[in-house]
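J.: Build the complex from these two chains, which are given one at a time in their own frames, with help from the hints.
Read off the chains here:
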Amino acid sequence: MPPKSRESFPARIFILSGFFLVWAVVLASRLVHLQIFQYTDLSAKAERQQSRSFEISPRRGTIYDRHGRELAVSVNVDSAYAISSEIKDPRQTGDALAQALGLERQAVLAKLKATRGFVWLKRKLDAAEASKVKALQLRGVYFEKESKRFYPNRELAAHVLGYVGIDDEGLSGLEFAYQKRIGGLPGQVLLHTDAHQRSFSSVERPPEPGEDLVLTIDQTLQYLVEQELAVQVKESNALGGTVIMMAPHSGEVLAMASYPAFNPNHYSKYAPELWKNRAIVSVYEPGSTFKIFTAATALEERLTRPDELIDCLRGAIVVGKHRIRDHKPYGLLPVREVVAYSSNVGAVQLGFRIGKERFERYIYAFGFGTPTDVDLPGEAKGLLRPSSQWPTVTLANIAMGQGIGVTPIQLVTAVSLIANGGHRVKPHIVERTRSGAIEKVSFEPGAPPGRVISRETAALLADMLTGVVKTGTAKSSQLEGFSAAGKTGTAQKVDPNGRYSHTRFIASFVGFAPVDRPEIAMVVTIDEPRGRYYGGEVAAPVFRNIAEQALRYLTVSPDQELTPAQLAKRRPAHNPIPDLASDEFEPANASWEGSPEAMLASQTGGTATPDASSSGKVEVAGSFNRAGTIEVPDLHGRSLRMAIVNLSKLGLQLEAFGSGLVVEQSPASASRVEPGSKILVKLSRRH
Amino acid sequence: MARKLSADKCLFGVTVALVLIGVIMVFSASAVLANDKFHSPLYFLVRQGLWALLGLAGMATLMHVDYRRYRRPSLIYTGLFVCAVLLVAVFFLDKNHNTHRWIRLGFLSFQPSELSKLFIVVYLACFLEKRMGQIDDWRHTLLPCLVVVLPFIGLIVTEPDLGTAVSIGIVAFMVLFVAGVRYKYALGLILSAVPVLFALVYFFPYRLKRVLVFLDPWKDPLGAGFQITQSLIAFGSGGLFGLGLMEGKQKLFYLPEPHTDFIFSVIGEEGGLAGTLSLLLLFSVFLGRGMWLSLRMSDPFGRYLGVGLTMMIVCQAFINMSVVTSLLPTKGIPLPFISSGGSSLLTSLLGVGVLLNISQHGSDA
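Protein chains in written order, with this note's numbering: chain D, 5 to 691; chain S, 3 to 367.
In isolation and in its complexed conformation, chain S is listed as follows (with noise of 0.2 Å):
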């Protein structure tokens, strides 16, 4: 058995840096919106650093909590029903007329699909561990995982939360890559996900028009390109150096959701280059720490949950920011630690409260 390890302290500094940044940058992207709305330039900075702070607790406590006891099917099963459940209510719950992806309960207010994504990897990680003798044979290992992962996709796309839905999509896929699936029904999987996606822009119209504006984001800058296009200027005026700490002038209602989706430009323009490529190697490093501390573990469970969590965080991190610069099409999907949202930050600390304990069971061999 693996010798008992201090928790990782590079991942663990990583992360508190990226919350505290996320604080510092909601503040600075919010506060004139805040004024606006709600007539206090506190009230996004506020909500997250409760949120951190909770976030942080939640961390703190999973650290010390033994990752091998989430293998308990009860547990793991209980928890998938609790979201579906969930996930089923907020069709009914949130009043919004558009989206149903909020629980809210007062001063609070949930993600279902959030909490989806942490019982997944765990579900995939446990279930995989099982089925690693077999798995090449699909019957037994791609199909029972594809019944239970897509409902939950379908039932995120139909909130509609396409960008959660293929972030969740992609980290199953990826927890199914490294357990070993063969490469052949890996290019199936992907193969087969091309048309159902296809599908799911070209028959909604504003999903149509957003890739249609990723193509071409100039021409049209005044009206469906508003978004992305200020979304560059803001990186662009940030030059170098960066305008300096508040003194962005895009977040001022140019920029759509400067505090949550939009946050990196906000970055880009205050920070410049310097803060955005700071913030890549801040998540490149969590990345390299989460593969490393997975390739480390002699146990698969370990090794797949290691790795589901640290994708559940990275990969959502690179969407984002590939989405902001205009690398792929707008999806609304959250910056994990930086971007104003409760839901996203907490799943995020809770992620990294799991990878922590994992890293204390590693070994050498």
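So here's chain D without its partners, still in its complex pose (with noise of 0.2 Å):
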């Protein structure tokens, strides 16, 4: 053996170890290095992937109407996903799937390649779609119940409902303002799944139903007034309108509407514009409305009595370097007149006389400058600055209405206020939550908000009012069968250049009916009506067609006798409202004979809902009121929508099992059941 290569081998089997050691400490430093210091980000990324938790959409609560009519109900949809690992052909899956639920065939091609695991293809699918892609029976597509948002009633009461987003969450009015209560709280599923998707453990948490709201507003009224206020923005070539009607003794209310609408079926088809609430979000010069309050102030304060001659200087009053004019110059005119005829200079005058600060505190008082705190989100304070900063022109101009910024919701509020004698009210729109079988009164009056003015000075201005009605600006805002306190208000709106219009006003009108025994407040504003401009053309002729046909509604008592005129021309073309005492009205079993798109095209409120809640009130009986008891119409082969939609108007609801069609239901047609029951209903596809 060469001794050269018998010492190389120990030398050589060294090198090879040392190699080795190297080796085994460069592995063992990665070992540490992967499990102690990436132990925190690779674990994380390991639960990422291994567990998936899932919400269960809890049930949204329903938002019903004062009598128990459903306003907003959710119902269980197919939303559709995908396990992109599970499909084997993306392409061709992609383009069947882009078919049937109308979506573009790259996108869905997109997001089937985003992912290994789960994607949504299309969440909330409505039936055809889902029965579609269910035929197609496509390997890796499953779909989910979600609950979807419906308003059988489209286009009502859509700015006070609001809408909901994709996730069910309320975006807007009602549905945002209580989300907490009505979302309910979801369910939380926990699973483990393996790279093929499968689960094998899973923790659950069940989800909480929401609670129901029940509103103060009536389904009838609220579609009475969103029909008369479209008719009149309509004919004046408006630019929209509101109209709030409030219960005055109880600040409940009772209809809200703004025009234009929206269905919030499908909000993100409108432009956002729509979205808002004019009732509580605008803010505009009352113009001469306000005077009531002036004049009240006047009053309470005992500055002045109705009959006390004002000397309205033949139209025009200097303030400063400002000159104040009446629209028509009055001499000698008693404060009751200064009201009736709107006089600036006369409502000037009483301005100076209350004097910054105490005029000031009574706005405050009427509920002017802060928000009603009505239960509806977003609601704007109005405009009114601290009476330290007002220069005398100010308080001239808040004594008739400039200068100072309210909403609708302030004005109604403050009139109810003259009506019911005095007391400040708190408007309010949710009555009560239903939790189950538990029921929450949601709106406590607690401590009564405390009286403003005097009982007499209430019922001095009520009286005022009324001739407002009679025989001044607001003449056409008088009722047939019914007595009305109201005033007009026309105010110019600002132009860009800061001054005051001359082609661009709001017309206005407030007031209440009937006087002695007020049931319903009202203010009507219509933004930029062109040609007739004034409150008394524009606005008045509203709160006249809905004070009639609401208080007939609501079976109060007429309090006139109709006078010869209005006995010639009896009522107006559109008439949702049947006049419950002739004896045109058909009882409501009888509407469902008919078509049911014709059914459909009539929405609410196209014929009365015999309302056994109110009947006890009732002096004018209508022949439709049988011991209170409603026939069960026939739901064979309706629709869920057209089912919700039908039964709704009776004041019936509805508990739907199953999708399609109705094909039973219990109780049995033309049987009758209490106002208020539940109708079950089964549907299915098969025809």
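No lab work stands behind these hints, which were simulated from the structure alone.
Don't take every hint at face value.
To be verified - Distance condition first, Cα-Cα at most 20 Å in a straight line; then the derived EDC-like pairs of lysine to aspartate or glutamate: (1) 360/D - 304/D; (2) 136/D - 148/D; (3) 682/D - 668/D; (4) 115/D - 222/S; (5) 126/D - 59/D; (6) 49/D - 249/S; (7) 49/D - 222/S; (8) 332/D - 541/D; (9) 273/D - 108/D; (10) 221/S - 45/D; (11) 138/D - 108/D; (12) 39/S - 90/D; (13) 333/S - 218/S; (14) 49/D - 218/S; (15) 117/D - 222/S.
T.: So this is what it looks like as structure tokens:
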């Protein structure tokens, strides 16, 4: 053996061992790095891919009107999702899906390729889409039941109800304001999944259903108000308008409408401008309607009496460098006529008697300058500068309704105060919430908000405002068979140059009826009417049309004889509420005849709903009012939507099972049930 | 002549420990998978257990066969010939479309490439002992070696099984190295292997992809990087002490081949750093004992055979561990003793049997 290689063997063994030693150290450090230093990061990655937490959406509470008619309901619909790794041929599957769902082919393909796991294809499919996709029987495509909000009356009370987003979260209106209570709590399912997306364990928390809301809104009145408002806005070529009807003693909002409206089922297809609820967010200078409160303050402070003569200075008064004019020159006018003829000069003089600080105190007491805290989101507080910053001309302006910004809800609340004898009321829309069988009163009157003006002052004002309707600027608001009190306003809008416009106005009317026992207080504003623009010409007729029908619907006994003129030209052309006293009225169950399309087209309020809860005060008895029971209609063959619409009109509730068309119902048609009863229907796709 | 020693107890113990760990981990890693594919969670466990028993029996037998009997050229060349025939046969026998690695005999399936490793090591040890005096003469030593070894490597590359081919190449190189090949020849061998490897990677898109993925596995964790990133996630979520035996989640179809090539990842997830370092330590002890007993040998055949067999196991183990921790590009290569797979386990245990016999012949000289 040559000594050379004899010696080299151990050396080479050591070199080789050294090489492996280094390798082992590198391996060990790599393991330490992965398992210690990257532990947090990598175990989070593991957690993310191995478990997926699904939310089960809870049942969203139903929103009912004051008589239990459904305004917003939630229905279960299918949402389609894919597990991409299970799809063998994404291109082919993507094409089929795109066609069935009406989506872009590229967009679907991109979704399928974005991940190996779960991806939503399209959420909340309509019935046609769902059945199309189901018929394809695609591998790796699944369905999940999700709750979809459905507004059976479409535009009705859209601004009050608001709308919900794709994840069932309230985005506006009551849906937003009461999200926490009607939204419920989502359930949680934790799925541990393997790479094939099969689950092998789950931890669950059941969803808690949301509470139901019962509103003070009356669906029939709401419909009436929206109809009349829409007609007038269109006739006067106005930009829009709003009407609020309030129960003046309680502050309950009976109806609240903004026009133009939108359909909350498809809110995203409308301009965001249309989503805003003018009744609570639009701030405008009230103009003459505000003179009510100038007069109220002066009377309450005993600074004047209704029959005191005020010198209206033949139509103009100079305040500092400004000259304030009347639309018509008046001489001596009693205060009641200052209000009736809406004299600016007279109002300014009353304002000066009151003085800045005192006037400011009253303005706040009437509820201006602060939000009314009605239970809707986004309410404006109006514009009112502190009196310490008022120049004299501002005092004069405010006395006649300029230089102050108010919202329609503030105005109707303040007028309610005069109607109810001087008490402040808190406007509210949600009366109760219901959680299963447990009812909760949502609105707590709490401590009485207090009296702002005395009963006597309120009575004097009511009397003065009745005069406005009878003989003053608001003659067109005179009702058939009912006394009414109110005041018109025609406020000039401010042009971009900061001056009052001579072409752009807000015509308004505030008032209440009947005068002695007011049941409704109302504000009507029409934004930028074209042609005729005076409040008396544009807004007052809306008040009249609504109030006459509403009072009859509320079965208030007329307190006025009809004048021969009124008798001659009985009803206005469009009349969504039947005259309960006339024999033209069709009993509710008769309305089930005729085609479903016609029914659908007529929407709610096509005929008045016999209303058991108001039957107690009926003095003019309607023939429909039979022992307070309702005949169950035949729902066979109707869609879910139609069934909801039909039943809600009768004041009945629906509980549905399955999907498709109605195949069974209980109780059977033609049986009689209590108002508010639940009708169970079974739906099926078999025809 | 060396005096008779008892077999190396340390090497024996380490081997048995590794086999046991393997059987347990194969069950843990494969139970769900086996239930899914073969409707029995015990499918791979039973197979691994049977192969382990067969392997241990083979090891016990070879322990008592004097290693010097393998010097007989008739045995070596017959063995090499049979291996070569089998390696050619797989191309016709293995019906698999893409790879031709297996010879199936009913219940059992067998990889000829595994058996080839053993015979190549024995051949090299025997041949180099004879040419020890001329080790510097490349024409009489290196060239004949390459002429015998390269066709085998070529056949295995063609299967294709680059991982096994490369590990045979490395083992052969290391035997040549310890036999005393000049450093400049050794360097030449490495340098000439580089362009071949480069070509084998560069001109085969799937291999090139693996190398590119290795450079940045997190670039495409759901596509090309899926295997390796899932392996890293398994190690990472194991932490210090692991999730516990059977508790791993990554074997549930996230890890590719959790019971074979990626079984070390399952050990990392379920046993944590404690588990992985223990396994690394066991292989290091195996290496140390193997080197030590080779060093004690007085005859070159014993030395080269000892080094070759030790390398055959340790080198493959280190490559596997480096691959699954993303220190080396992905190559399909099992972890000796641990990974499910009969031919690998049997070959390894037979190799250890020979090593244990060698250990009885060492001298303290």
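J.: Confirm or reject each hint.
T.: Hint check:
1. 360/D - 304/D: Cα-Cα ~16 Å, so holds.
2. 136/D - 148/D: Judged against 20 Å, a Cα distance of about 15 Å means the pair holds.
3. 682/D - 668/D: Measuring from Cα to Cα gives roughly 14 Å; hence the hint holds.
4. 115/D - 222/S: holds (17 Å)
5. 126/D - 59/D: holds (17 Å)
6. 49/D - 249/S: Holds, at roughly 17 Å.
7. 49/D - 222/S: Status holds; Cα separation ~14 Å.
8. 332/D - 541/D: Since the Cα atoms of residue 332/D and residue 541/D sit roughly 17 Å apart, the hinted pair holds (cutoff 20 Å).
9. 273/D - 108/D: At roughly 19 Å apart (the allowed maximum being 20 Å), residue 108/D and residue 273/D satisfy the hint.
10. 221/S - 45/D: holds (16 Å)
11. 138/D - 108/D: holds (19 Å)
12. 39/S - 90/D: This hinted pair holds, its Cα atoms lying about 17 Å apart.
13. 333/S - 218/S: holds (16 Å)
14. 49/D - 218/S: The given pair, whose Cα atoms are some 17 Å apart, holds under the 20 Å limit.
15. 117/D - 222/S: Holds, because 13 Å separates the two Cα atoms, which is no more than 20 Å.
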